[in-house]
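Trainee: Chain residues, written in single-letter form:
Number of protein chains: 2
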Amino acid sequence: MIRIGIVGYGNLGRGTESAILQNPDTELYGVFSRRDPATVKTLSGAKVYHLDNILEHKENIDVLIICGGSATDLPVQTPALAEHFNVVDSFDTHAKIPEHFEKVDAQAKKGYNIAVISTGWDPGMFSLNRLYAEAVLPDGKDYTFWGKGVSQGHSDAIRRIEGVIDARQYTIPVESAVEKVRKGENPDLTTREKHTRLCFVVAQDGADLERIEKEIVTMPNYFADYDTTVNFISAEEMKRDHSGIPHGGMVIRSGKTGLNKENTHIIEYSLKLDSNPEFTSSVILAYARAAVRMKKEGMTGCKTVFDIPPAYLSPKSGEELRKNLL
Amino acid sequence: MIRIGIVGYGNLGRGTESAILQNPDTELYGVFSRRDPATVKTLSGAKVYHLDNILEHKENIDVLIICGGSATDLPVQTPALAEHFNVVDSFDTHAKIPEHFEKVDAQAKKGYNIAVISTGWDPGMFSLNRLYAEAVLPDGKDYTFWGKGVSQGHSDAIRRIEGVIDARQYTIPVESAVEKVRKGENPDLTTREKHTRLCFVVAQDGADLERIEKEIVTMPNYFADYDTTVNFISAEEMKRDHSGIPHGGMVIRSGKTGLNKENTHIIEYSLKLDSNPEFTSSVILAYARAAVRMKKEGMTGCKTVFDIPPAYLSPKSGEELRKNLL
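Protein chains in written order, with our numbering: chain S, 1 to 326; chain A, 1 to 326.
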């Protein structure tokens with residue numbers, strides 16, 4: 001049995017709890033929160049402890065799944081905890097991964113632990129597919145499209161606008177761009193040509209809708225470089241039609257082979273996810289299994305999805321895998 | 001530079017030669033053939049040696065890519081050569097993989113070499129995707145569809161029928177079955193419901209076409225369990241319309257998550273290949289790179305795609321991969 005501690009109990013923490021229940025070789029030891037444990041009710045009735053006391057539980061935990069946010073939680077928590085535990089996180093600020101890796105690697109090595117960072121689907125399963133496809137088809141080009149799905153960061157950005165009560169932003173791949181890529185045309189695509197953004201906004205009574213819309217579509221980094229559509233809806237409609245957290249997307253690589261590059265090959269990996277956090281935590285859990293196994297084999301330090309043999313994600317033996325899945 | 005020897009110079013051997021030219025960290029040392037070397041002309045002008053003398057070249061070769069057939073060549077050649085060289089093969093008789101693994105493992109360990117077996121796309125990239133998807137979504141079901149593409153084995157089976165001069169057999173996934181799977185319906189599909197078989201046959205003048213067609217569609221194992229269509233065409237049409245060796249297919253897994261399994265996720269990996277042998281050899285070459293690296297790190301024995309960290313397939317460093325692909 002792999003004994004797991006969850007750090008942080010938001011959407012991802014709850015998704016991890018539910019994933020643990022689906023995997024017979026894992027069990028949830030407890031949830032660690034910065035909130036008063038008496039105020040946190042878990043879905044499965046699992047125990048809740050204060051994060052400050054986590055070291056007292058060191059002997060009872062094989063691996064910690066750290067479910068905090070990439071902006072401020074993980075850069076601090078993952079290195080700090082990697083000194084004392086095997087850990088897995090889903091750090092997803094792509095530009096800062098090298099820095100995060102170095103910090104976590106030093107701490108994990110200090111404690112002779114395994115730390116797996118940046119798991120999930122992007123980074124994570126999408127990264128794996130970019131790597132495999134590039135290694136197999138070096139003369140080619142890859143494209144990542146996201147959506148249709150809810151972007152939490154963009155929804156939050158809209159909510160910060162004055163007069164906005166609630167907002168949901170969907171990222172949508174441009175179908176004609178996807179088709180060009182699937183045909184192996186290797187187009188050069190601008191940001192605007194790859195994705196559109198669709199926003200549903202609940203505004204305060206009497207708010208200046210025209211101003212809100214303008215603030216959204218001109219917002220630098222978030223919306224200015226995209227074709228953005230804004231729909232104002234009621235709070236009831238928001239609840240009824242937009243309470244899920246779906247996401248997905250695809251990684252497509254097209255490449256050429258042959259003495260004269262006369263043959264084209266298309267590799268496509270796609271995800272259609274009803275629940276972004278539940279899928280992400282399902283990936284994280286598989287890597288938690290791998291972390292425990294690597295630690296048992298005497299490895300230490302920071303690892304990413306690139307470093308981990310696929311078999312380590314599965315509870316099955318090498319024999320079973322070769323017999324049934326190869 | 002990774003110095004490579006190719007064993008066997010058919011479609012796969014030629015594909016490997018062409019893949020080596022595309023990968024700047026690899027070079028072709030030579031081709032080893034059972035034929036008289038004087039009669040074998042390579043595409044790139046690479047040297048050809050007789051297979052019987054291969055041990056004389058041991059010091060000049062980092063890894064052998066064995067391009068023989070799974071029926072009779074690889075079961076003998078891979079174990080025999082694994083004692084003396086790092087080797088990679090594309091052994092694809094799924095039911096006999098465990099036996100092949102054991103034989104190759106013993107020989108590779110004897111010679112302190114690395115042997116990677118059963119690479120390519122199925123087994124190979126498809127197997128990887130079955131494994132990753134199952135590890136992430138344990139409550140689910142996976143489906144592998146092949147095609148549209150040319151099946152060499154089925155084409156050969158038709159050619160053995162009396163009165164047949166040439167034949168090409170396309171395996172085609174049943175679109176309605178694929179759609180059900182993509183919707184997450186997890187249907188139970190019979191062999192007949194998953195694929196159809198489309199045959200193009202050039203018959204001898206005056207041959208009994210009705211008898212040939214009947215022999216094809218009733219052939220046990222190959223065609224009897226499928227809806228099979230037979231078209232008789234001329235030798236000119238065969239050459240004009242059916243000289244490529246395209247293939248492809250997809251691995252789709254749908255699985256549920258959530259406390260009440262209320263959320264469905266679909267993972268799909270698909271390939272569209274202009275040339276089956278060239279794509280297969282591109283995969284094999286990436287695993288040849290991995291074999292050399294594993295050997296350098298002191299590992300020995302037989303490995304499959306399940307055992308090999310993805311990063312080992314790439315010529316890029318860990319830093320580069322984390323920075324650009326994660």
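In short, the hints are calculated from the structure, not lab data. It cannot be assumed that every hint is accurate.
One copy or two, either will do: identical chains are not told apart, so a pair holds if it fits within one copy or between any two.
Stated by the list, open to error - BS3-like, lysine-lysine: derived pairs with alpha carbons at most 30 Å apart:
1. 110 - 194
2. 47 - 214
3. 58 - 183
4. 41 - 103
5. 41 - 183
6. 323 - 141
7. 41 - 256
8. 47 - 261
9. 103 - 239
10. 323 - 103
11. 109 - 41
12. 148 - 109
13. 183 - 109
14. 96 - 109
15. 96 - 256
Trainee: Could you tell me which of the hints above the structure violates, numbers in ascending order?
Mentor: Of the numbered hints, 1, 2, 3, 4, 5, 9, 11, 12, 13, 15 do not hold.
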